[in-house]
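*Asks:* Chain residues, written in single-letter form:
Protein chains: 4
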Amino acid sequence: MGGNAFGTLFKVTTFGESHGPGIGAVIDGCPSRIALVAEDFVPAMTRRRPGRTALDTPRREEDRVEILSGVFEGRTTGAPIALFIHNRDADSRPYEILRTAFRPGHADYSFFRKYGHFDFRGGGRSSARETAARVAAGVVAQKILEPVGIQVTAQTLEMGGIQARKNIPGAAENNPFFCPDPEAAAEMEGALKKAREEHDSLGGIVEVRVAGCPAGLGEPVFDKLDADLARAVMSVGAVKGVEIGAGFAAARLSGSENNDPLTPQGFRTNRAGGILGGISNGDEIVLRAAVKPIPSIKREQETITREGQPCKINLEGRYDISAVPRVVPVLEAMVRLVLADHLLRFRAIGNEKLFSTAD
Amino acid sequence: MGGNAFGTLFKVTTFGESHGPGIGAVIDGCPSRIALVAEDFVPAMTRRRPGRTALDTPRREEDRVEILSGVFEGRTTGAPIALFIHNRDADSRPYEILRTAFRPGHADYSFFRKYGHFDFRGGGRSSARETAARVAAGVVAQKILEPVGIQVTAQTLEMGGIQARKNIPGAAENNPFFCPDPEAAAEMEGALKKAREEHDSLGGIVEVRVAGCPAGLGEPVFDKLDADLARAVMSVGAVKGVEIGAGFAAARLSGSENNDPLTPQGFRTNRAGGILGGISNGDEIVLRAAVKPIPSIKREQETITREGQPCKINLEGRYDISAVPRVVPVLEAMVRLVLADHLLRFRAIGNEKLFSTAD
Amino acid sequence: MGGNAFGTLFKVTTFGESHGPGIGAVIDGCPSRIALVAEDFVPAMTRRRPGRTALDTPRREEDRVEILSGVFEGRTTGAPIALFIHNRDADSRPYEILRTAFRPGHADYSFFRKYGHFDFRGGGRSSARETAARVAAGVVAQKILEPVGIQVTAQTLEMGGIQARKNIPGAAENNPFFCPDPEAAAEMEGALKKAREEHDSLGGIVEVRVAGCPAGLGEPVFDKLDADLARAVMSVGAVKGVEIGAGFAAARLSGSENNDPLTPQGFRTNRAGGILGGISNGDEIVLRAAVKPIPSIKREQETITREGQPCKINLEGRYDISAVPRVVPVLEAMVRLVLADHLLRFRAIGNEKLFSTAD
Amino acid sequence: MGGNAFGTLFKVTTFGESHGPGIGAVIDGCPSRIALVAEDFVPAMTRRRPGRTALDTPRREEDRVEILSGVFEGRTTGAPIALFIHNRDADSRPYEILRTAFRPGHADYSFFRKYGHFDFRGGGRSSARETAARVAAGVVAQKILEPVGIQVTAQTLEMGGIQARKNIPGAAENNPFFCPDPEAAAEMEGALKKAREEHDSLGGIVEVRVAGCPAGLGEPVFDKLDADLARAVMSVGAVKGVEIGAGFAAARLSGSENNDPLTPQGFRTNRAGGILGGISNGDEIVLRAAVKPIPSIKREQETITREGQPCKINLEGRYDISAVPRVVPVLEAMVRLVLADHLLRFRAIGNEKLFSTAD
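Residue numbers (my numbering), protein chains in the order written: chain R, 906 to 1264; chain B, 906 to 1264; chain F, 906 to 1264; chain P, 906 to 1264.
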């Protein structure tokens, strides 16, 4: 029971439902004296916002983050930082059907089986809306990573079967899909349009890269950095798979191919994805997540009622065609939460500065 | 810091190094009155044991599990259960080279950077030997799952690029690779031999299936069942990727293909892999893990010394050619630990019996 | 770092400062389907409210609790319950002096030494205002205890050296000090008046009793019920001591006096205070807390500046003369939080119903 | 469930029963590169050992601590440190009576009600024997406190109603009761003899003082240093009360008496006991614990059987007359565990060195 908290030292608890008063996060464990004002959240929240593409759900959320506590005269105090984002535009009428029937591919059925009662409006607690709180918390995490020089960036490698063939620096920020290949981005737009006409939805693959991460983060044997990253990434609703470095491809490599030779200038290759034995090795951290297609599609679907009777369901309302673009900033946030937590844990061990010259 | 504990209510802490006195686990939170004797550990420990294949490292570990506490007159008391397995055959001379140089693909470098001092003999704490403690703990977890009817089984889908083409019930237990396809198993043996001759190693893919899991396990939003499974699986040293249900393939499916329709008889398909919104839905749980090739290969490799100077390393001793067969029982154990923990957490919520008739 | 969360399964995180936007609590782990509406908080919040006695600080807080999440159509959903109480009447000018000097007996000095920056207005995070969030969370905890028949009540045994000599049922609710002896209550009022005239403040002793607690709550050896109660009670700012059952008096009893004989009708005496070996024994739980006098007194006091220079401090504003009456509902809340958490933990073990006939 | 772990970063899990193979502790989170060998445990284990006074139980435990993991070539590695102490002299026949009847004042009844099955031999898990593991873990904690200059010492203020009237430096180490007043110590010996003749037992009061603790340890609002100390101290079986600084006496002081004025040379008085707002203030930490008389007395006592029938119980075997002397090193250990954990948590916040010049 529970399960709404993340982290050991930099601990984030999120709360809120899609159609309740709002959603929020409480960060317990942020160091003091860090500059933080409400404006700091604007870029990340804008980046995550739906309506970023012409095809997205037109729900207009301003997603202004209010700081309810933990900041005094523009700097953190070490007290818990409570963040709150009001919900707007909450027409819950289209969801009345969910009082009786379960949406395929959604959490409705399992929530009902577990809790016996749940807020079905817009998915309630299981809504992607909850990730806005994660993104907000990620902004605070970033404040801890920045002085160390850690930079987290995610981009879309694939959507609707269309793969990015190029990785042009900066290009990912210039299209609504965070795709580093402008040509592929244009094709993705076409694929989205087609899926929309067919009342269907699309999945894809998102990659996260972390530059500037010092060696030493991660706690063997269970809180390995890759284990915690896997949990963090898989905790995002739409994600069905995660891999680090060579990932699934490593299963077909031989040891002589997969081992990354060490040189005085660093690792010659990075099949490990920046993590060895669960501890960051100073190289770039690389992970990829598989994003499933959004289950809300505007087709008649086969399902059952709460009483177990077969029925058909037709979802009203408007939905995104793909979660991929919105997952990008959420994965960035989750990776930041993991790294901020492990950075503080590493600091506690007292060896942080031991080998700093070698960094 | 820390990181050697797993679970919230059924909490397992492992300890021990490859060449120390032994390895062990303390289980804090096991319910009382469960029958448990030392013999209960024999099948699982035998299943995990190296030397299972003719090609494996000949290190003969009997891996007899001693119960140091928590059991009285053959039944658990609710007190912590400490398990201990003595190490044997601990010739650490071949590892003296590691006092100066790092093995590529191993945890040596990152451990040194983090801790400044580590037990390098046989990998020390980062050795696969540690997983024996996990397997032992998994035996106790299984005692909690059994009365509920939960059955966890892993098998090898792929090794050295050779895929199981068939899934013959029971076949996986009749070859040293846990491969459900006897023909593929024969080819895997050939691949292992070839890799051994080439002084190389092989990776593969292992699948875990859970039958009989009731709906309701998993705690949104961060302790989702799939998130905890991903962490558990990724915490096994050799694993570089994990996917649930359709996994990475889901990235290329449309919503209409990927959604599992509900029927009065259950889900028509199981692309979700038995988990919706982070909560088990009563269907079979299916996950797969990518296992990298063992980094210890008997070739000269490029690396650096602790002082950062370039050097060559030649590993002595004998090593397994693939971790895949030994990962199979370890993943079973890890999945059992996750499920036992979530089962107890679900019990705490008090809704457990609510819908039992529908189960 | 952190430290703002309480509980293992019924986990409460509080946030907020005395002069920020408000204070709140997030409850992670409350079971679903429990009736809960905003009105449920009114009695407890009123009971805690300052201004209850004519002598209290006239700060008028309505302390209306808003439910921000976790409740749908009047019942909990199992999702985190976020509660928020707006601050009002926040004239922070009297506190400007704290920008340079530390108040004796307050947390100012240690907060400054730890965090280097803190919200000094009204004590900020260390203000008794924070306990309003605890009381609100206690209301939800009570919802879990009620069906089991657990009843938690605190009363004032002593204030300003005046002891309750009688314990008249119900009397404690009829005077502003929660004193079960009306005569003593009248004397307490006199003592408060006198202290106020002398610009001084008073401490006292509060007792908490728990009726109807089943045997079996508490987890040896570190999460013993008495250990967790001690932590909970000592975490209330004004508390400097806590004792269970015979408490400090037990230090002077012999074993033959202190042992509680068991009879078929229950324990013959209750020197244990309802807890044996850290586990509730089914008898009434009894604990007492020593409350120090409020450190804010309207006298000139000797102190130092942030730079370590000696100076005098004269506090402006109005203050309570004794924390005792306000501690009463806070201790009730804290004991409820402990019991709700342990009740859920006990439920997880699955033995809950084992001996229910004997209860 | 669970409850056998203590600490957040410096996490100690103990295991073992009085008459099982032995008892032990696993420390997860100890920094690396700390010198540690088996001999380091000898002084503390000897100090705790029964048989220290002529009147103590003659059970001869050598209590040699074995290091099972986490140390390599005499220094910690950051891996979990498992410590084990074999049990000896385990004649469990005198305890057969406990198969049917409960000892008054002991945990038997509540353990049976909670677990339905428990190891009754010598108290099993609830035996004071478990504290040997705590003392061993405290030795490792001390290794973290030492470089910072933190010194923890406990002594006996009162036993059997006899109070220490003097506090002669070093005197406490020269009598078996850790009493700082040699005269009182002589009287205590007389009281013990008398109690033994009367087949009775004695309680007392133990004080712990911490010198050299820097300001800044403790995490408001729930993990306050005093709250965690209270929990730690109350988790020791025989303890029924705990107070910090002025403690219960503070309840009768006025604010003007109880406030500790600040001066450039430090606090003028120390009624706070070194902790303000839950954070250490740099002054000496002072706490006292009330120790109940040992419940095992060689008199016929009234009790009930497991079936609830009235019966008489006569304990065989030999028992200590007072737990006080053995509680002294255990409380020292518990306080060390708390401080080591909070020191690491403070280090994580990164402000540790901020004001070090002012220390």
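Treat the hints loosely; a few may be bogus.
Same chains, same names: a pair is fine if it fits in one copy or spans any two.
[Said to hold, decoys possible] Simulated pairs of lysine to aspartate or glutamate, DMTMM-like, Cα-Cα distance not exceeding 20 angstroms: (1) Lys1098 <-> Glu1162; (2) Lys1099 <-> Glu1162; (3) Lys1098 <-> Glu1207; (4) Lys1203 <-> Glu967; (5) Lys1203 <-> Glu1162; (6) Lys1099 <-> Glu1078; (7) Lys1098 <-> Glu967; (8) Lys1203 <-> Glu1078; (9) Lys1048 <-> Glu971; (10) Lys1217 <-> Glu1088; (11) Lys1071 <-> Glu1088; (12) Lys1048 <-> Glu944; (13) Lys1217 <-> Glu1189; (14) Lys1099 <-> Glu1189; (15) Lys1217 <-> Glu1162; (16) Lys1071 <-> Glu971.
Hint data in this document are derived by calculation from the structure and do not stem from the laboratory.
*Asks:* First find the shortest C-alpha distance between Lys1217 and Glu1189 inside one copy, then the shortest across copies, and answer within, between, both or neither for a cut-off of 20 angstroms.
*Replies:* For Lys1217 and Glu1189, the Cα distance exceeds 20 angstroms both inside one copy (48 angstroms) and across copies (24 angstroms).
*Asks:* Are the CA atoms of Lys1203 and Glu967 at most 20 angstroms apart within a copy, between copies, both, or neither?
*Replies:* So Lys1203 and Glu967 fail the 20 angstroms test inside a copy (26 angstroms) and across (48 angstroms) alike.
*Asks:* Is it within, between, both, or neither for Lys1099 and Glu1189, if the alpha carbons may be no more than 20 angstroms apart?
*Replies:* Classified as neither: same-chain Cα gap 36 angstroms, cross-chain 33 angstroms, threshold 20 angstroms.
*Asks:* If the cutoff is 20 angstroms on CA atoms, where do Lys1217 and Glu1162 land: within, between, both or neither? Let me know, please.
*Replies:* The answer is between: 17 angstroms across copies meets 20 angstroms, while 52 angstroms in one copy does not.
*Asks:* Treating 20 angstroms as the Cα threshold, decide for Lys1217 and Glu1088: within, between, both or neither.
*Replies:* neither (40 angstroms within a copy, 44 angstroms between copies)
*Asks:* Reference check for the pair Lys1099 and Glu1162, CA-CA at most 20 angstroms: within, between, both, or neither?
*Replies:* So Lys1099 and Glu1162 pass the 20 angstroms test across copies only (15 angstroms; inside, 41 angstroms).
*Asks:* Using 20 angstroms as the alpha carbon limit, work out where Lys1071 and Glu971 are close: within a copy, between copies, both or neither.
*Replies:* neither (39 angstroms within a copy, 51 angstroms between copies)
*Asks:* With 20 angstroms as the alpha-carbon cut-off, assign the pair Lys1098 and Glu1162 to within, between, both or neither.
*Replies:* Cα proximity of Lys1098 and Glu1162: across copies only (18 angstroms, versus 41 angstroms in one copy).
*Asks:* Should Lys1203 paired with Glu1162 be assigned to within, between, both, or neither, using CA atoms and 20 angstroms as the limit?
*Replies:* between (47 angstroms within a copy, 13 angstroms between copies)
*Asks:* At most 20 angstroms between CA atoms: does that hold for Lys1048 and Glu971 within a copy, between copies, both, or neither?
*Replies:* within (17 angstroms within a copy, 31 angstroms between copies)
*Asks:* Is it within a copy, between copies, both, or neither that the alpha carbon of Lys1071 lies no farther than 20 angstroms from that of Glu1088?
*Replies:* within (9 angstroms within a copy, 41 angstroms between copies)
*Asks:* Within a copy, between copies, both or neither: where do Lys1098 and Glu967 come within 20 angstroms Cα-Cα?
*Replies:* Cα proximity of Lys1098 and Glu967: none, with 25 angstroms in one copy and 53 angstroms across.
Checked against the numbered hints given earlier, the structure breaks hints 3, 4, 6, 7, 8, 10, 13, 14, 16 and satisfies all the rest.
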